[in-house]
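Protein sequence lines, in the order shown, are assigned to chains A and B. Just so you know, the first sequence maps onto residues 1 to 114 in my numbering. Just so you know, the second sequence maps onto residues 1 to 111 in my numbering.
In case anyone wonders, no lab produced these hints; they're calculated from the structure. Fair warning: there could be bad hints in the mix.
[To be verified] Pairs of lysine to aspartate or glutamate, DMTMM-like flavour, derived with a Cα cap of 25 Å:
1) B:K49 to A:E1
2) A:K11 to B:E88
3) A:K11 to A:D57
4) B:K58 to A:E102
5) B:K110 to B:D85
6) B:K69 to A:E1
7) B:K49 to A:E44
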Amino acid sequence: EAEVAQSPRYKITEKSQAVAFWCDPISGHATLYWYRQILGQGPELLVQFQDESVVDDSQLPKDRFSAERLKGVDSTLKIQPAELGDSAMYLCASSLYERYTEAFFGQGTRLTVV
Amino acid sequence: AQSVTQLGSHVSVSEGALVLLRCNYSSSVPPYLFWYVQYPNQGLQLLLKYTTGATLVKGINGFEAEFKKSETSFHLTKPSAHMSDAAEYFCAVNAGNMLTFGGGTRLMVKP
Chain A
1 EAEVAQSPRY KITEKSQAVA FWCDPISGHA TLYWYRQILG QGPELLVQFQ DESVVDDSQL
61 PKDRFSAERL KGVDSTLKIQ PAELGDSAMY LCASSLYERY TEAFFGQGTR LTVV
Chain B
1 AQSVTQLGSH VSVSEGALVL LRCNYSSSVP PYLFWYVQYP NQGLQLLLKY TTGATLVKGI
61 NGFEAEFKKS ETSFHLTKPS AHMSDAAEYF CAVNAGNMLT FGGGTRLMVK P
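My request is simple: use the sequences and hints to build the entire structure.
As C-alpha cells, then:
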C-alpha cells in the first residue's frame, strides 16, 4: 500500500541550529500539507502546496520557517534558527485533489529543541 | 471560515462499553467531515469520512459517525470498546481547500 514517507522520524537539535525535514507524498497526489502538532493538541496547518505552488502559508512563521516543493513531488520544511518552542511533531500529508478529499499522513518527525 | 470543536479532551470508558466522541463544526459551505485516529508517536490514520449521500457512515474497526446538519455535529460512536481503541481521535472538516482539525479527544479504555 502506498504511503507518505517522512524522514527523519526523530530529531534532536540545539537552539539556534538549522533543521530540515523531508516528505515524499503518495505518487500522483497533487496536494501536500505540512502540519505542526504540539503535544496534546490537534494538528495545525503550516503550509499547503498544490503541485509546486503554495496555496496557503498564512500560519507559517516566515522569519524562521521555509518550505519548498520544487518539482511538485517531494517537499522539504526547514527551520532556521530553531527555538525551544518549535519542539513538536511535524506531520506531512498528501491528497489527490485540493478539495474535499481525505489526506493521508506520514509517520511524522518528532523534533526536540534543547 | 471553518472550525471544529471536540467536546471533552479526555474520555474514559470500560472495555465493552459504548464509545461516544463528540464533534461539532462550523462551515459556511457544505462540509466534508473526517475522523482520524492517532497512536503514540505515529501519524494520523483515517477512520471514516462523510462526503455526500448517506448521513450515517461506517468506518474501520467498528466505528461509525452520523452527520447531522441541523446540529452541525459529526459524533463518532462504537458499540463496544476494545482495549486496542485507546488512542487520540481527531475530527476534521474540509469546506473548501483546507483541512482543519479539532483539538482531539484522548480515549482511555479500562479493563
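Okay, the hints, checked on the actual structure:
Restraint check for K49 of chain B and E1 of chain A: the C-alpha separation of about 19 Å stays at or below 25 Å, so the hint holds. Taking the CA atoms of K11 of chain A and E88 of chain B, the gap is near 23 Å; set against the 25 Å cutoff, the hint holds. For the given pair, K11 of chain A sits about 23 Å from D57 of chain A by alpha-carbon distance, which is consistent with the 25 Å threshold. Of the supplied pair hints, the one linking K58 of chain B and E102 of chain A holds, its CA atoms being roughly 15 Å apart against a limit of 25 Å.
Between the alpha carbons of K110 of chain B and D85 of chain B the distance comes to roughly 11 Å, so the proposed pair stays at or under 25 Å and holds. For the proposed pair K69 of chain B and E1 of chain A, the alpha carbon gap of about 34 Å is over 25 Å, so the pair is violated. With a C-alpha separation of about 20 Å, the suggested pair K49 of chain B and E44 of chain A falls inside the 25 Å cut-off, and the hint holds.
Violated hint for the displayed structure: number 6, the only one.
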